[in-house]
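Student: So the sequence lines, in the order shown, correspond to chains A and B. full-length UniProt numbering puts the first sequence at residues 1 to 466. full-length UniProt numbering puts the second sequence at residues 1 to 402.
If you're looking for bench data, these hints aren't it; they were derived computationally from the structure. Among the hints, a few may not be true.
Under the rule of at most 20 Å between Cα atoms (straight-line distance), these lysine to aspartate or glutamate pairs were calculated in the DMTMM-like manner [what the hints assert, rightly or not]:
1. Lys204(A) / Asp361(B)
2. Lys136(B) / Glu271(A)
3. Lys23(A) / Asp309(A)
4. Lys69(B) / Glu87(B)
5. Lys136(B) / Asp367(A)
6. Lys130(A) / Asp168(B)
Here are the in silico distance ranges between beta carbons for each label pair [said to hold, decoys possible]:
7. Thr388(B) / Ser428(A): 35 to 45 Å
8. Asp218(A) / Arg42(B): 45 to 55 Å
9. Asp294(A) / Lys80(B): 33 to 43 Å
10. Gln310(A) / Asp355(B): 55 to 65 Å
11. Gly272(A) / Glu65(B): 40 to 50 Å
12. Glu65(B) / Gly196(A): 33 to 43 Å
13. Arg285(B) / Ala229(A): 37 to 47 Å
14. Arg254(A) / Gly140(B): 22 to 32 Å
15. Arg254(A) / Arg42(B): 44 to 54 Å
If you want the ones that stay clear, here's a sample from chain A, every Cβ over 12 Å from chain B, calculated [what the hints assert, rightly or not]:
16. Lys204
17. Glu248
18. Gln405
By construction, the Cβ of each residue, glycine as well, lies at the ideal position given by its N, Cα and C atoms.
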Amino acid sequence: MELTLQAKKPDSSTRWREYRPTKKTPWNLRRVVHLHRRSGFAATWTELQRDLQEGPQASIDRVLNGTTCENSFPEDFERMSATIAEAAVRSNQPDRLKAWWLFRMLFTTDPLTEKLTLLWHNHFATSNHKLEDLSLMRQQNDLFRSLARAPFGKLLTAVLHDPAMLLWLDAPSNHKGHPNENLARELMELFTLGIGHYNETDVKEAARALTGWTVIDDRFSFRASQHDAGQKTILNQRGAWNGEELVELLLDQRATPQRLAWRLCQQFLGEGVAQQEDISSLADGLQTHDLDIDWGTETILRSELFFADQNIRQRVAGPAEFIIGATRALELFDPPPQTIILADWMRQLGQDLFYPPNVGGWNGGRDWLRTSALISRANFATGLSRGQFSSNHQLPDWSRFTAKQGQSSIPEDFAAFLADLLFGGEPSPGWIEGIVKGVSTKSHSREVVLQQTIAAVLASPEAQLN
Amino acid sequence: MLTRRQFLNTSFQSTSILSLASSIPCFLTRSLQAAENKNHGRILVVIELSGGNDGLNTVVPFNDENYQKHRNTLHITKEKVLKLNSEIGLHPAMTGAAQLVEDGRLAIVQGVGYPNPNRSHFESMGIWQSAQSNPKAHGGYGWLGRALDQNSKQVHTFADAICLGNVDPPQALRGRQSIQSTIRSLAELQLDSHTPSSETKPDESTTDDLLQYVRRRSIDARATAARITKLKNASITKTRYPQNGLANRLKGIARLIRADLEPRVYYTVQAGYDTHINQEFDHYRRLSEFSGALSAFLNDLRDSQLDDRVLVLVFSEFGRRVAENDSQGTDHGTAGPVFLAGPSVKAGLHGATPDLADLVDGDLKMTIDFRRVYATVLSKWLDINPQTCLQGNFAAMDLMNS
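For reference, chain A alone in the conformation it holds in the complex (with noise of 0.2 Å):
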């Protein structure tokens, strides 16, 4: 008995090993479906069908360089972009500077990039509540996407002398002799090291070390007659220890990639899928690889764990996933939706960019299915299915989608389709008959209940996984 558990319990060495299509494993639609929707925000039929030919290695190359997606943006993303940024600043209502970042999710190359900016601003949570200042707020997140697969060393030192940032954690406050703690202890307790990895001291002796890190002119300023050059004991160790050396100080902690594997594993597993073992043996590589977030985010992706049964469809789908998801995976390009309504709806179903509810970030997992969020989710599905964000407002042609695919409009054969296309194959048992069921009996025509099928089907429980 005792030699069955012992054979049963996961080896986490290999758990993290290379994922190789098997009898019970295969490389099947529901596999290539699970990649595109933790990676990124779900794919288009085409892109499914493209990855299920050419196998995992393909595929997942093709994530991780930022060549999955087929629907590029017609003129220079990168420009486009830009130019939309700016007004948005330029503007000064916080609505369009959501809708730029909602833009760039929809039409993207690199879905994966995007997902970690998002990552990051979950970690690194700044609110414009307090900052009042898009122009940061746009730098800040600018930086979040060009470093999102650094080193992760790399990335919270631009961080630390990220102005946003700064100005959040009342870092100009934090003078010689009057010490704010606020930068010290977040970055202990949310950036690096997690709470129960420090005392008291640390936080106000790290507090010192930071003294005279400020912002002049909206930069990262050090002020030498504010720094408090005093001995100090951190973390057990003595020394005079300044700001920069307090980051190395803590990057060499344990804790750290312990965090940061948790932190990857949160954003690219479901619920309870990595044990604890598991995680210790990701954060061992992390610290073998400079904390290379670029090296964990690949090891996770490739994964014979990533892959699992136990893993697909163990998810809350995120606001970004549900709604990105639904509109990328039906296609709707062209018009495409507005992403400032997008970015309403974002903030309905719970995330509000740029306005996370506390220095924590967004809970996720199950706090996304909050009453009103449901309730949400369910009217966004409507109003999508009636082409009600689109900015010419007409009535999606769900007949032309249905058969550009090849596929047919019947509402049994259309049900199966949405099925394949969003979640690789019907998710649970009669679920194909419940849809038909609910739509058919109260809509006439065949557009009205290709309508209501996609309702339906996005309102679904299953849908609000991923």
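Position chain B relative to chain A; hints supplied.
Tutor: Chain B in isolation, oriented as in the chain A frame:
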């Protein structure tokens, strides 16, 4: 056969629906029974002051020379304070609250905290919400969630507790069986009329499977939507509320209470108390909003003759450090005041004022354990045995008129 949609569109007041009880989810059965039960219980409304309210500048020991010494720029002068007695007064922005004390509707418990104070927002908030030193222990349930769990035989409308506002569901309301609903505003709770009906089957299994959890939440959400639609025409209040977020949320809660929704607990948050820098104006504004909103809420309920059913509990995760910092602000501290409001409280000051000459690391020593306040609310207001919820024996205080 009645479809689910028709069912949800049918008034919950209708008794004939009860005959279908075996074919509908159990929480809806409870809702129907609730609609028939006119014997309403007492209600607790919790207001969370988020960020760590500066208790010392809320309930001010204006005559204490140590107070003036530690609060060089931020101290509130004798002339400005709203005096409660010769030593203690309220912040000048709190005229509404001062009036409530005078009317006999506001009790102030001073120096409330817990042993070994934690100055992390999340950890300390977790301790207050879970009433445990390790908030993650025992399933991460909250003190009110555990309390509501004990009354699972009670009948309810659509949830045991409602949180109103744009916040994550508070841990305080998280329970093993009890249902909490988080609502941003009443308007967001109505379904688009073009939304197809949901064929989600009620799931009677008790496993913690993720999909089954989503199904249960979806059914609950649709039931909530149907109920709120019915409230649209609920009577409109005559009381004038101030124009601010907290006041709007309390007005919404008053509407839900007036509409006989029957959860025993409502919860809302006023954020913005993390005053590390230039505190004076921000703190003034928050307290002014808080005090105005609270008194409008109680007056509104009094006008509707509902106020004797309502008790308001106001807390923050910690007070702030006694000495101000160099940015005309205050850093994270320890104990602070808790308010209880409503016609059933013993108005005025309770508990010992923390001694400003006897500090630990520059912070106040608590004089009342917060779980004693909880024990009072549970045993003397909600009629729930506090021992199980608080996992310890905490003596109730003499805060309520019997």
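Student: Each of the hints needs a verdict: does it hold here or not?
Tutor: How the hints compare with the structure:
1. Lys204(A) / Asp361(B): holds (12 Å)
2. Lys136(B) / Glu271(A): holds (17 Å)
3. Lys23(A) / Asp309(A): holds (13 Å)
4. Lys69(B) / Glu87(B): holds (16 Å)
5. Lys136(B) / Asp367(A): holds (16 Å)
6. Lys130(A) / Asp168(B): holds (19 Å)
7. Thr388(B) / Ser428(A): 35 to 45 Å: holds (38 Å)
8. Asp218(A) / Arg42(B): 45 to 55 Å: holds (54 Å)
9. Asp294(A) / Lys80(B): 33 to 43 Å: Between Asp294(A) and Lys80(B), where Cβ atoms are some 58 Å apart, the hint is violated.
10. Gln310(A) / Asp355(B): 55 to 65 Å: At roughly 57 Å between Cβ atoms, Asp355(B) and Gln310(A) fall inside 55 to 65 Å, so the hint holds.
11. Gly272(A) / Glu65(B): 40 to 50 Å: The hinted range 40 to 50 Å is violated for Gly272(A) and Glu65(B), with Cβ atoms some 57 Å apart.
12. Glu65(B) / Gly196(A): 33 to 43 Å: Holds: the Cβ-Cβ distance is about 40 Å, inside 33 to 43 Å.
13. Arg285(B) / Ala229(A): 37 to 47 Å: holds (38 Å)
14. Arg254(A) / Gly140(B): 22 to 32 Å: holds (26 Å)
15. Arg254(A) / Arg42(B): 44 to 54 Å: holds (51 Å)
16. Lys204: violated (9 Å)
17. Glu248: holds (24 Å)
18. Gln405: holds (22 Å)
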